[in-house]
Amino acid sequence: MVRAANVLVKAMESKGVEVIFGIPGGSTLPFYDALYDSSIRTILMRHEQQAAHAAEGYARVKGRPGLVTATSGPGATNLLTGIANAMMDSQPVIAITGQVTRDTLGTDAFQETDITGILLPVTKYAVTVKDPSKLAQAFVDAYHVATAGRPGPVLIDVPRDVFQADVEPQWKDEPSLMRYVLRADVGHVGDPDPGLVSRAAEILMNAEKPVIVAGGGVIISNATEELVRLAEYLMAPVVVTTPGIGSIPSDHPLMLGVIGMHGRVEANLAMIESDTILAVGVRFSDRSVGRFDDLQKDRKIIHVDIDASELGKNVMPTVSILGDAKRVLSEIYACIVSKYARKEARPFVQRLKAIGERFDEFMNNHGEPNRITSWRALKVIREELPRNAIVTTGVGQHQMWVQLCFKVFEPRTLITSCGLGTMGFGLPAAVGAKVAAPERTVACIDGDGSFTMTCQSLIPIAQYDIPVVCIIFDNKALGMIRQWQDIFYQKRYKDECLEICLKRRAGRGIDYVKLAESMGVEGAVAESLDDLRMLVRRAVRSEQALVIDLPIDREEKVLPMVPPGKWLSQMITPPGFEIYG
Numbered sequence: 001m002v003r004a005a006n007v008l009v010k011a012m013e014s015k016g017v018e019v020i021f022g023i024p025g026g027s028t029l030p031f032y033d034a035l036y037d038s039s040i041r042t043i044l045m046r047h048e049q050q051a052a053h054a055a056e057g058y059a060r061v062k063g064r065p066g067l068v069t070a071t072s073g074p075g076a077t078n079l080l081t082g083i084a085n086a087m088m089d090s091q092p093v094i095a096i097t098g099q100v101t102r103d104t105l106g107t108d109a110f111q112e113t114d115i116t117g118i119l120l121p122v123t124k125y126a127v128t129v130k131d132p133s134k135l136a137q138a139f140v141d142a143y144h145v146a147t148a149g150r151p152g153p154v155l156i157d158v159p160r161d162v163f164q165a166d167v168e169p170q171w172k173d174e175p176s177l178m179r180y181v182l183r184a185d186v187g188h189v190g191d192p193d194p195g196l197v198s199r200a201a202e203i204l205m206n207a208e209k210p211v212i213v214a215g216g217g218v219i220i221s222n223a224t225e226e227l228v229r230l231a232e233y234l235m236a237p238v239v240v241t242t243p244g245i246g247s248i249p250s251d252h253p254l255m256l257g258v259i260g261m262h263g264r265v266e267a268n269l270a271m272i273e274s275d276t277i278l279a280v281g282v283r284f285s286d287r288s289v290g291r292f293d294d295l296q297k298d299r300k301i302i303h304v305d306i307d308a309s310e311l312g313k314n315v316m317p318t319v320s321i322l323g324d325a326k327r328v329l330s331e332i333y334a335c336i337v338s339k340y341a342r343k344e345a346r347p348f349v350q351r352l353k354a355i356g357e358r359f360d361e362f363m364n365n366h367g368e369p370n371r372i373t374s375w376r377a378l379k380v381i382r383e384e385l386p387r388n389a390i391v392t393t394g395v396g397q398h399q400m401w402v403q404l405c406f407k408v409f410e411p412r413t414l415i416t417s418c419g420l421g422t423m424g425f426g427l428p429a430a431v432g433a434k435v436a437a438p439e440r441t442v443a444c445i446d447g448d449g450s451f452t453m454t455c456q457s458l459i460p461i462a463q464y465d466i467p468v469v470c471i472i473f474d475n476k477a478l479g480m481i482r483q484w485q486d487i488f489y490q491k492r493y494k495d496e497c498l499e500i501c502l503k504r505r506a507g508r509g510i511d512y513v514k515l516a517e518s519m520g521v522e523g524a525v526a527e528s529l530d531d532l533r534m535l536v537r538r539a540v541r542s543e544q545a546l547v548i549d550l551p552i553d554r555e556e557k558v559l560p561m562v563p564p565g566k567w568l569s570q571m572i573t574p575p576g577f578e579i580y581g
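Just so we're aligned: the sequence shown equals residues 1 to 581 in the UniProt record's numbering.
Quick caveat, the hints were computed from the structure, so don't treat them as lab data.
Mixed in with the good hints there might be a few duds.
With a cut-off of at most 30 Å between alpha-carbon atoms, the simulated DSSO-like pairs for lysine-lysine come out as follows [stated by the list, open to error]:
no.	residue 1	residue 2
1	K491	K557
2	K130	K209
3	K313	K297
4	K297	K566
5	K134	K209
6	K172	K209
Let the sequences and hints guide you as you build the complete structure.
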């Protein structure tokens, strides 16, 4: 007989678990004691939300579950935002929480919380394990549910005495939850319908202005090669949603960029001008397409998704295909190649590319020469980072600047909070990303408002020697809030200012150099673009953690911008830029 916690750890090892992020507590000490003799690495974070973000960062880079653990009560409830973020962005995170002993459940015992009830709406599966003999099997089941079909987070809640009970060291490698195995929304879907594939192929080949919209599902299913192959045969431009960034290299001739509220000019124009849209692994969120009714006017839509609940939810497609993106794209390509000749270059693509190039030139030259702008800064950062570097972001103006102008060449190299828009995501996600890929450069591009929400993630960066470079776009404001108050609320600024007032230091911001150094990480201020280039280059070469404070103008706005509730054609462009000029 062996303690159930030890059997759980053995089951985790059998699934290839390498690391778990978290904070120990009284109810999880038996679990941590079992981990003491394991090859599984533990990373002590300084807040459970950050531990969940780190687990998600790990999962996004690895393409397999990231693990997080928290104790009962407040430890478990602190996971909520991180787990919800993973759910919205379809990322496999497995949370293991401690719980009060079985005999005290329902008595309002110290730190008793119905965490399964709390997390049930934001997980694919949540369970409190009350039979110690089933604890290891519960992990195997959770692993399957987290990774099958559309990935997502799962919760295993474990009473302390269940961890401590003696059991036979046995479990089955296959899942025991047949109702989940058999359901298409969490299990592996079958082959795509051949009739629908043929219909989609016919529509695409007859289209004059087809546009492919690549979403996060393309990256999750590792379908980037299939996407590029089909696009090149059709000579159809590709646009991406924010989760889909990296599904096609930014420098590919058919890549037009990200669409949506803060989308590229040429990408949004492609959506407006299209007569046919092939949307793959896309949720059709309002942030990406604006008004659903305008999207459906005068164009055919082919929607491919692994989750049946997404088909017809926001947009009623001409053709809906349930299936894995990789398989469906391969089937559509094979059908087209067997019946139709390769398409020639399409003039509208070159016209839109020219508009995009003119927009880039306008933004590069906008403002005084050598003045720090977000656009110029990101260009410098991109030039100094390796092509395969992994970049994480927080949420705010800086995130939108990144999706607009930061070139991404490989899948799983831009990690950002998309569906939930969680400020503070970037730095802890960078911790997880670097742990997942220690051989690659990892940079966190953050805003000052987002950074201060989770800046204590610098402590594990120092403690475990995790060399992440963090560049803070420091405008001493909640920039996106200020932008909205400027455009939509008649400049009635309220609580957007991040300046602090201390004795003899009125109107100044946080000293991020001292903040970083107090947590064991070197800090520096970039007073110019040359400073920024030198500091990023030094961080890449030295493989040492570094926080770079980059002061920027708080009046700078992220444009283009589509006002909420409007169609893409109503995007606001920077003053002085004419789309067809």
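Okay, the hints, checked on the actual structure:
1. K491 to K557: 13 Å, holds
2. K130 to K209: Distance ~58 Å between K130 and K209 Cα, so the pair is violated.
3. K313 to K297: Holds: K313 and K297 sit about 17 Å apart, inside 30 Å.
4. K297 to K566: This hinted pair holds, its Cα atoms lying about 14 Å apart.
5. K134 to K209: Violated, at about 55 Å.
6. K172 to K209: Roughly 52 Å between the alpha carbons, so the hint for K172 and K209 is violated.
Hint violations for this structure: numbers 2, 5, 6, all remaining hints satisfied.
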